[in-house]
Amino acid sequence: MSSAQNMTLNLKIWRQNNNSSEGKLVDYRVENVSPDMSFLEMIDVLNNQLVRKGEDPVAFDHDCREGICGMCSMMINGKAHGGYKNTTTCQVHMRLYKDGDTIVIEPFRAAAFPVVKDLAVDRSAIDKVMAAGGYISANTGNAPDANSILIPKPVAEEAMDAAACIGCGACVASCPNGSGMLFMGAKVSQLALLPQGSVESPKRALNMVYTHDNLGFGNCTTHAECEATCPKGISIEHIARMNREYLKAAFTYHEKKRSEGAG
Amino acid sequence: MSFNLDSKIPSGPLAEKWDKHKFESKRVNPANKRKYTVIVVGTGLAGGSAAATLAELGYNVLSFCIQDSPRRAHSIAAQGGINAAKNYPNDGDSIRNLFYDTIKGGDYRAREANVYRLAQVSNNIIDQMVSQGVPFAREYGGYLDNRSFGGAQVSRTFYARGQTGQQLLLGAYSGMMKMVAKGKIKQFSRREMMDLVVINGKARGIIVRNLITGELERYAADAVLLCTGGYGNVFYLSTNAQASNASASWRCYKRGAGFANPCFTQIHPTCIPVHGDYQSKLTLMSESLRNDGRVWVPKKKNDERRPEDIPEDERDYYLERIYPSFGNLAPRDVSSRQAKFRCDEGHGVGSTKQAVYLDFRDAIKRDGQETIAGRYGNLFEMYERITGENPYKTPMMIYPAVHYTMGGLWVDYNLQSTIPGLHVLGEANFSDHGANRLGASALMQGLADGYFVIPYTLSNYLASSPLEKVTVEDNAFKDAEQAVKLQTSKLLGIKGKIPVSEFHRKLGHYMWDYVGMGRNEAGLKKAIDGIRKLREEFWHDVNVPGETGNFNIELHKATRVADFLELGELMALDALERNESCGGHFREEYQTQDNEAKRDDEQYAHAAVWEYTGQNSSPIRHKEELVFENVKLATRSYK
Chain A
1 MSSAQNMTLN LKIWRQNNNS SEGKLVDYRV ENVSPDMSFL EMIDVLNNQL VRKGEDPVAF
61 DHDCREGICG MCSMMINGKA HGGYKNTTTC QVHMRLYKDG DTIVIEPFRA AAFPVVKDLA
121 VDRSAIDKVM AAGGYISANT GNAPDANSIL IPKPVAEEAM DAAACIGCGA CVASCPNGSG
181 MLFMGAKVSQ LALLPQGSVE SPKRALNMVY THDNLGFGNC TTHAECEATC PKGISIEHIA
241 RMNREYLKAA FTYHEKKRSE GAG
Chain B
1 MSFNLDSKIP SGPLAEKWDK HKFESKRVNP ANKRKYTVIV VGTGLAGGSA AATLAELGYN
61 VLSFCIQDSP RRAHSIAAQG GINAAKNYPN DGDSIRNLFY DTIKGGDYRA REANVYRLAQ
121 VSNNIIDQMV SQGVPFAREY GGYLDNRSFG GAQVSRTFYA RGQTGQQLLL GAYSGMMKMV
181 AKGKIKQFSR REMMDLVVIN GKARGIIVRN LITGELERYA ADAVLLCTGG YGNVFYLSTN
241 AQASNASASW RCYKRGAGFA NPCFTQIHPT CIPVHGDYQS KLTLMSESLR NDGRVWVPKK
301 KNDERRPEDI PEDERDYYLE RIYPSFGNLA PRDVSSRQAK FRCDEGHGVG STKQAVYLDF
361 RDAIKRDGQE TIAGRYGNLF EMYERITGEN PYKTPMMIYP AVHYTMGGLW VDYNLQSTIP
421 GLHVLGEANF SDHGANRLGA SALMQGLADG YFVIPYTLSN YLASSPLEKV TVEDNAFKDA
481 EQAVKLQTSK LLGIKGKIPV SEFHRKLGHY MWDYVGMGRN EAGLKKAIDG IRKLREEFWH
541 DVNVPGETGN FNIELHKATR VADFLELGEL MALDALERNE SCGGHFREEY QTQDNEAKRD
601 DEQYAHAAVW EYTGQNSSPI RHKEELVFEN VKLATRSYK
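Order-wise, the sequence lines are chains A and B.
Just so we're aligned: the first sequence equals residues 1 to 263 in the numbering used here.
Just so we're aligned: the second sequence equals residues 1 to 639 in the numbering used here.
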């Protein structure tokens, strides 16, 4: 652990009471910030100061505080999760900042993510995209023995790379178009790579993209900001694979309506 | 009032109990299932898998979670793996073996029949999760890979890098989302359960707070499934997520659900040590690291040298020394306690002297850095991000931290609590891990309960008990909601000086110091006394700013801490009444000559089940005697 000196920081934090009120940046000063603190612990310290003064603490989303639940968000100095490689906001530590620094903290901003309060936003659109096809239709109890489905190690590894998505929405917040193609592409790609998932792949690609577009997410124009800020390092190759699945499906997939068989 | 603690264990040979029970259980025919509504609180592995499965079967499911999405439940943070008795590596595993290891690992304080069923369905879980697209680790031939975990001498742990919990949870979540799309699950996020509604002795609904609007909402159903996880956050610092809390369980306890073995908590041996007062949580380093990492302390006390400068013969690899047959993979309770002993003796390292080394030097020398990075790369990165130290070059520093709670609401073989209709799944119940849980068994239990147990036992409940129609206009709903409103306005009206988190931190100190790894009579009494005073202080001087009609994060914390302040006392009381050491419950008065836990099977081979009797009266301790017909009670040895 470092033994560097504690710091004083100037924060500019977005305060907004709810989705229908206006917001603004408010200045705060936090003293005695240890370099070993996490970024969220620094905000905890600020909030305790505010509570002691009888003021409304800053609302922000957070839960596991170890970079896996995807609950924490925030734009730190204009970058989702602060812009550090493979790092969520909760994993950012104050040793990355210097005494006297000014830090601007805002919510994720995207058409599909309305502000709930202060730094907390509503990301339920991610669930809606997932409900449109981000699954394999395997009912409980149907499964064959796990080793009856052989999956080459490199394929399993690539599927795992995609499956690592934590659904935080940093890709959306850092995309100039507010696109959700990276988190959606990661799921489509993961399932398309696996034999179990490839069965439903065409339908999945069509339905998820359709839902995504209707929820106010923009399209992908390959800026790759999403890949640069993704805290799990998910590659835009998965968007490419989704696009291939989508194109294939658009040309070849038609769900035929058949009359129900007689009983 | 007396509790009915009939465990409803089916008769017959152990291996046939579950099959027999399923056969004898009543079923709800497919067309009738749609007439029933089931509330599932929590969307972790237990809640997510239960909601998805029940919806597939045709029930109408109302699912609630505290986070902004069901995909964020804290099961997601489980790193290492999930056990199953597949015996794919051909190393001698079997259902009986997994059963035995789990019973022994729990220090003979779990029910045989439940644990055997858990081992039986463990294999179905792996099949199910693979079919849902969970990208488990594979060997080059395309077959599933396994690794070893503590307390076992076989490799039965399936894993997806260091993110097994995440991958399993996303599997369960995807199953849920499929049923959300079909309209069979109504999902409510950012809701916190504030009370259970009991009508004519049966659980028929819940009151929840909408955390965004602050409004209280009422939901009625034919049964309630509580899948709300454990209560480790009573210690303030733990590996649990910030929102993990005990309130749902605690409110059910106050409505008549028995709380079993509250003092059985798991202190995980390998966590990043505490480093400051401002700290909000402790981060676990997966037990899987002990497959390759060696745990040691300097032989010399207060050794100030860098670990790299301490020669081999001046290092004490104490787990290998004391437990040669299990070595670094000794179970969690044992490993934690030994770390504490070393630090108490003055061999601790780091600035606080409350840490031991977990060293990968030899593994890197043997297998190469690339291989080690392949196995644990993400964990090493996580460690470096938090501590600023590179574990490829210098050993990790680790110390035990609160991780899991084996205790929880009492349930019978059907996972039903002492309140008919209230079923409790996953970590929230007490059932399968006895006094100590083995690594990679929590994921197994959560999914077993949700996928393969509750679908059968719930249909038996619904088909065998006539349920009258209830609506949210019934008085029981109004009364329960009114009680929550009263508590809320009371909290907001105190307008004291001290923030909620200060109380929580103080409670955590009592819990860690006196109800933690080592417990004794004097300390426990001190804790009970201290917690009572703290609770009084809380209700006089807590500062909860704001009002109820919006997203009030301090109010959310305050209701949880109010409950922790009561639960903490019950945990200390339970520890005080259990005059033996077993598993994670180590009473310093009861130990062998070489400092191992000394059980008292004559007096304490039972689950202690606590009954709430009112705010100003003492709870009553009941017993469910544990009957061991298939394993011999033996002193647990890992030597």
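Simulated from the structure, these hints should not be mistaken for laboratory data.
Any given hint could turn out to be false.
[What the hints assert, rightly or not] No more than 27 Å apart at the CA atoms, straight line, and that leaves these computed lysine-lysine pairs for DSSO-like:
#, chain 1, residue 1, chain 2, residue 2
1, B, 254, B, 33
2, B, 186, B, 393
3, B, 182, B, 525
4, B, 469, B, 506
5, B, 365, A, 53
6, B, 525, B, 485
7, B, 623, A, 85
8, B, 639, B, 525
9, A, 128, B, 598
10, A, 53, B, 490
11, B, 598, A, 248
12, A, 53, B, 186
13, B, 525, B, 598
14, A, 53, B, 495
15, A, 53, B, 202
16, A, 128, B, 182
17, A, 128, A, 248
18, B, 469, B, 490
19, B, 254, B, 26
20, B, 300, B, 254
21, B, 623, B, 526
22, B, 525, B, 186
23, B, 300, A, 53
24, B, 300, B, 623
25, B, 623, B, 254
26, B, 186, A, 128
27, A, 203, B, 186
28, A, 24, A, 53
29, A, 153, B, 365
30, B, 26, B, 469
31, A, 203, B, 182
32, B, 469, B, 485
33, B, 598, B, 20
Note that this is a predicted model, so its numbers are computed, not measured.
These are the hints, each one checked on the structure:
1. B/254 / B/33: violated (31 Å)
2. B/186 / B/393: Violated - the C-alpha atoms of residue 393 of chain B and residue 186 of chain B are around 50 Å apart, more than 27 Å.
3. B/182 / B/525: violated (54 Å)
4. B/469 / B/506: violated (46 Å)
5. B/365 / A/53: violated (56 Å)
6. B/525 / B/485: Outside the cut-off at roughly 34 Å; violated.
7. B/623 / A/85: violated (53 Å)
8. B/639 / B/525: With Cα atoms ~34 Å apart, residue 639 of chain B and residue 525 of chain B exceed 27 Å; violated.
9. A/128 / B/598: Outside the cut-off at roughly 53 Å; violated.
10. A/53 / B/490: Roughly 20 Å separates the two Cα atoms, so the pair holds.
11. B/598 / A/248: violated (66 Å)
12. A/53 / B/186: Given that 27 Å is the threshold and the Cα spacing comes to 41 Å, the pair is violated.
13. B/525 / B/598: Holds. Residue 525 of chain B to residue 598 of chain B sits at ~21 Å (cutoff 27 Å).
14. A/53 / B/495: holds (11 Å)
15. A/53 / B/202: violated (45 Å)
16. A/128 / B/182: holds (12 Å)
17. A/128 / A/248: holds (23 Å)
18. B/469 / B/490: It is violated: about 34 Å lies between the C-alpha atoms, which goes past 27 Å.
19. B/254 / B/26: violated (30 Å)
20. B/300 / B/254: violated (51 Å)
21. B/623 / B/526: Given that 27 Å is the threshold and the Cα spacing comes to 25 Å, the pair holds.
22. B/525 / B/186: Cα-Cα ~46 Å, so violated.
23. B/300 / A/53: Violated, because 49 Å separates the two Cα atoms, which is more than 27 Å.
24. B/300 / B/623: violated (47 Å)
25. B/623 / B/254: holds (18 Å)
26. B/186 / A/128: holds (13 Å)
27. A/203 / B/186: holds (23 Å)
28. A/24 / A/53: holds (20 Å)
29. A/153 / B/365: holds (25 Å)
30. B/26 / B/469: holds (21 Å)
31. A/203 / B/182: At roughly 15 Å apart (the allowed maximum being 27 Å), residue 182 of chain B and residue 203 of chain A satisfy the hint.
32. B/469 / B/485: holds (26 Å)
33. B/598 / B/20: violated (37 Å)
When the structure is compared with the earlier hints, violations turn up for hints 1, 2, 3, 4, 5, 6, 7, 8, 9, 11, 12, 15, 18, 19, 20, 22, 23, 24 and 33 and for no others.
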